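> Protein chains in written order, with this note's numbering: chain A, 1 to 237; chain B, 1 to 354.
Heads up, some of the hints might be wrong.
Straight-line C-alpha distance at most 25 angstroms; calculated DSS-like pairs for lysine-lysine [to be verified]:
{"#": "1", "chain 1": "A", "residue 1": "K127", "chain 2": "B", "residue 2": "K215"}
{"#": "2", "chain 1": "A", "residue 1": "K219", "chain 2": "A", "residue 2": "K184"}
{"#": "3", "chain 1": "B", "residue 1": "K227", "chain 2": "B", "residue 2": "K215"}
{"#": "4", "chain 1": "A", "residue 1": "K20", "chain 2": "A", "residue 2": "K231"}
{"#": "5", "chain 1": "A", "residue 1": "K78", "chain 2": "B", "residue 2": "K227"}
{"#": "6", "chain 1": "B", "residue 1": "K215", "chain 2": "A", "residue 2": "K92"}
{"#": "7", "chain 1": "B", "residue 1": "K215", "chain 2": "A", "residue 2": "K109"}
{"#": "8", "chain 1": "A", "residue 1": "K92", "chain 2": "B", "residue 2": "K227"}
{"#": "9", "chain 1": "B", "residue 1": "K215", "chain 2": "A", "residue 2": "K154"}
{"#": "10", "chain 1": "A", "residue 1": "K92", "chain 2": "A", "residue 2": "K78"}
{"#": "11", "chain 1": "A", "residue 1": "K154", "chain 2": "B", "residue 2": "K227"}
{"#": "12", "chain 1": "A", "residue 1": "K78", "chain 2": "B", "residue 2": "K215"}
Listed next, with one range per pair, are the computed distances between beta-carbon atoms [unchecked claim]:
{"#": "13", "chain 1": "A", "residue 1": "R56", "chain 2": "B", "residue 2": "R139", "range": "17 to 23 angstroms"}
{"#": "14", "chain 1": "A", "residue 1": "V111", "chain 2": "B", "residue 2": "L129", "range": "37 to 43 angstroms"}
{"#": "15", "chain 1": "A", "residue 1": "S138", "chain 2": "B", "residue 2": "A141", "range": "54 to 60 angstroms"}
{"#": "16", "chain 1": "B", "residue 1": "R162", "chain 2": "A", "residue 2": "E65", "range": "52 to 58 angstroms"}
{"#": "17", "chain 1": "B", "residue 1": "L144", "chain 2": "A", "residue 2": "E117", "range": "45 to 51 angstroms"}
{"#": "18", "chain 1": "B", "residue 1": "V26", "chain 2": "A", "residue 2": "S138", "range": "33 to 39 angstroms"}
Simulated from the structure, these hints should not be mistaken for lab results. Since we're looking at a predicted model, the values are computed, not measured. From the three backbone atoms N, C-alpha and C, an ideal C-beta is built for every residue, glycine too.
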Amino acid sequence: MAMLEVHDIHTYYGNIHALKGISLEVNQGEIVTLIGANGAGKTTTLRTISGLLRPRQGTITLNGELISELPAHELVYKGIAMVPEGRGVFAKMSVQENLEMGAYHRNDKAVITSDLEYVFGLFPRLKERRRQVSGTLSGGEQQMLATGRALMSKPTLLLMDEPSMGLAPILVEGIFDTIQAINKEGTTVLLVEQNALMALSIAHRGYVLQTGQIVLTDKADKLKKDPTVQKAYLGVD
Amino acid sequence: MLRRTLSRVSWVDVFLRIFQLVAAVVILIGLYKTFTTARYSSEQWATLAFAGLAQGSIYALIALGYTLVYGILLMINFAHGEIYMTGAFSTVFLAMYFNRIGFLQSSPVLAIIVLILFSAAVSTSIAVLLERIAYRPLRNAPRLIPLITAIGASFALQYTFRGLFGSQFRAYPDIAVLKGTWNILGFDVPLVQPVVFLAAVLLMVALYWFVERTKTGKAMRAVSEDKAVARLMGIDIDRIIVSTFALGGALAGAAGVFNGLFRPQGVFFLMGFFPGIKAFTAAVLGGIGNIPGAMMGGLLLGLIEALGPNLILEGLGIPAANQLKDAIAFLVLVLILIFRPQGIFGERLAEKKA
Ligand SMILES: Nc1ncnc2c1ncn2[C@@H]1O[C@H](COP(=O)(O)OP(=O)(O)OP(=O)(O)O)[C@@H](O)[C@H]1O
Ligand SMILES: [Mg+2]
Numbered sequence: 001m002a003m004l005e006v007h008d009i010h011t012y013y014g015n016i017h018a019l020k021g022i023s024l025e026v027n028q029g030e031i032v033t034l035i036g037a038n039g040a041g042k043t044t045t046l047r048t049i050s051g052l053l054r055p056r057q058g059t060i061t062l063n064g065e066l067i068s069e070l071p072a073h074e075l076v077y078k079g080i081a082m083v084p085e086g087r088g089v090f091a092k093m094s095v096q097e098n099l100e101m102g103a104y105h106r107n108d109k110a111v112i113t114s115d116l117e118y119v120f121g122l123f124p125r126l127k128e129r130r131r132q133v134s135g136t137l138s139g140g141e142q143q144m145l146a147t148g149r150a151l152m153s154k155p156t157l158l159l160m161d162e163p164s165m166g167l168a169p170i171l172v173e174g175i176f177d178t179i180q181a182i183n184k185e186g187t188t189v190l191l192v193e194q195n196a197l198m199a200l201s202i203a204h205r206g207y208v209l210q211t212g213q214i215v216l217t218d219k220a221d222k223l224k225k226d227p228t229v230q231k232a233y234l235g236v237d
Numbered sequence: 001m002l003r004r005t006l007s008r009v010s011w012v013d014v015f016l017r018i019f020q021l022v023a024a025v026v027i028l029i030g031l032y033k034t035f036t037t038a039r040y041s042s043e044q045w046a047t048l049a050f051a052g053l054a055q056g057s058i059y060a061l062i063a064l065g066y067t068l069v070y071g072i073l074l075m076i077n078f079a080h081g082e083i084y085m086t087g088a089f090s091t092v093f094l095a096m097y098f099n100r101i102g103f104l105q106s107s108p109v110l111a112i113i114v115l116i117l118f119s120a121a122v123s124t125s126i127a128v129l130l131e132r133i134a135y136r137p138l139r140n141a142p143r144l145i146p147l148i149t150a151i152g153a154s155f156a157l158q159y160t161f162r163g164l165f166g167s168q169f170r171a172y173p174d175i176a177v178l179k180g181t182w183n184i185l186g187f188d189v190p191l192v193q194p195v196v197f198l199a200a201v202l203l204m205v206a207l208y209w210f211v212e213r214t215k216t217g218k219a220m221r222a223v224s225e226d227k228a229v230a231r232l233m234g235i236d237i238d239r240i241i242v243s244t245f246a247l248g249g250a251l252a253g254a255a256g257v258f259n260g261l262f263r264p265q266g267v268f269f270l271m272g273f274f275p276g277i278k279a280f281t282a283a284v285l286g287g288i289g290n291i292p293g294a295m296m297g298g299l300l301l302g303l304i305e306a307l308g309p310n311l312i313l314e315g316l317g318i319p320a321a322n323q324l325k326d327a328i329a330f331l332v333l334v335l336i337l338i339f340r341p342q343g344i345f346g347e348r349l350a351e352k353k354a
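All chains, please: the whole structure from these sequences, using the hints.
See below:
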């Protein structure tokens, strides 16, 4: 049994049929990437898994437990965290307060403090700016903050929506290194990316999404060599 | 070039500029005349100012309820004045009872604290009830709908109280210890004014601490910034919204008791209307959604109302200026909405969108 099993979900925005029967699996310990063009439904898929959107049809299970009926705020307790598209930092709150919000559902104060230090170890930049209002951070720092905040909930499954968006290439490398490091320490990652090449180079497996449907899935290195993927997402002619 | 600039300036802009200028000139003339004729002694000014601060701190407490709810739901809870009324009104009976059994005389401080807690509990319950039955089902409705519901809820509360208790005024009993005066900076001030002011400030400090430091307070700020992301953090936003209404209700309830101690005319079923609108004015004055803004806005409005008539209107030769207090408050509301809709401390409303 896979850790996360998404079975034939259909999600709508009003009358817009955004996901037309998506099925995918993520196994414990994997990095799985979801790639696809703008508007393919990547964000919608993540928002449905995290409970912000409700599928009109289909099921989602986490470790065998049906989670597609649960409200978003309860999924954190099940071990799911998400770094939303556009980072979604609380701009008026300080860096440290943002991180504390990540640990909102936890009550183990001492462990929270040590996790805070862990996140600061991962992103020393955040430690220097812990009292700064988050809205004044640079894009890269905000990405670090959003990632650190998600880690503060001690997730077993981390959903990331385009962590490389709008970042300079050198920062993108850093973010991807971090994702790999987090994964090595035991967190399973479902990664949505426009930057398909980078995503496929750190992922174990990948799914290709097109207008609300999965059109292709394979091991990451196979997808990288797939001619349609190369043409459509990797910019290779 | 000049023409292009001119064509961008609309007639409304021109009109508003002129209006602004006229308003400023009128106010300045009023001030000038008042001061040159030295109509009042500094003693009298101080008396007015202290009364204004006490009244203003009551507005501030109520204004916080508007601002807290607006900050989270972008909704103006126009029934908030009635939330204030329910606490003040219910508590008058307890106060009379305490008076009868002598509790109010034997240990006035404790008695007043109990009254405040009781009033806060009533207002909180009403606020929570309103949220649950009147607003929550409309959370995703167009913004005009909950506004209309709020007005309906106001009437419902007003006429429930009228039905239960009739339409006469009921005064809070006199409390002997609050009757004295206190010498502040050489002025004799009725004791009740600084007491109300300080108690209100204490509550505001407590609220500020709550919102800044506690977990629930931080969650409130998170919800007010981004509900979806807040849910991802594991925050149950329904719970936070209820807490926000409860907090605003508690402050309004406390304000109800302060009002009862401070103003002799007592409570009646329409008593929430004017303070409600004035507190709303205060919240807008400070920038709606902004907590320190509501506090400062309340105090400022209290002062403007207390000093404005004598300071400006009398200078202009307007008779019986003191009776125009209410008009001054609404003039302030109109002027801010025209010239600085984001309030003194607020960001532009447009940024907060819908
Ligand atoms: N709030 C919304 N209301 C209506 N339609 C929406 C909404 N959000 C997304 N959609 C539509 O759903 C489809 C999938 O959008 P989604 O945001 O999931 O795409 P995406 O793959 O994440 O794209 P991108 O790479 O641009 O982020 C698109 O056609 C989009 O127009
Ligand atoms: Mg997207």
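> It remains to establish, for every hint, whether it holds in the given structure.
Here is how each hint holds up against the structure:
1. K127(A) with K215(B): Distance of about 21 angstroms is within 25 angstroms: holds.
2. K219(A) with K184(A): Holds. K219(A) to K184(A) sits at ~18 angstroms (cutoff 25 angstroms).
3. K227(B) with K215(B): Judged against 25 angstroms, a Cα distance of about 16 angstroms means the pair holds.
4. K20(A) with K231(A): 24 angstroms, holds
5. K78(A) with K227(B): 20 angstroms, holds
6. K215(B) with K92(A): OK: K215(B) and K92(A) at ~16 angstroms, within 25 angstroms.
7. K215(B) with K109(A): Since the Cα atoms of K215(B) and K109(A) sit roughly 12 angstroms apart, the hinted pair holds (cutoff 25 angstroms).
8. K92(A) with K227(B): 14 angstroms, holds
9. K215(B) with K154(A): 18 angstroms, holds
10. K92(A) with K78(A): 28 angstroms, violated
11. K154(A) with K227(B): 21 angstroms, holds
12. K78(A) with K215(B): The given pair, whose Cα atoms are some 21 angstroms apart, holds under the 25 angstroms limit.
13. R56(A) with R139(B): 17 to 23 angstroms: Given range 17 to 23 angstroms: holds, Cβ gap about 20 angstroms.
14. V111(A) with L129(B): 37 to 43 angstroms: 39 angstroms, holds
15. S138(A) with A141(B): 54 to 60 angstroms: At 39 angstroms between Cβs, range violated.
16. R162(B) with E65(A): 52 to 58 angstroms: Given a distance of about 54 angstroms, which is inside 52 to 58 angstroms, the answer is holds.
17. L144(B) with E117(A): 45 to 51 angstroms: This hint holds: roughly 49 angstroms between Cβ atoms.
18. V26(B) with S138(A): 33 to 39 angstroms: Since V26(B) and S138(A) have Cβ atoms about 49 angstroms apart, the given range 33 to 39 angstroms is violated.
Checked against the numbered hints above, the structure violates hints 10, 15, 18; every other hint is satisfied.
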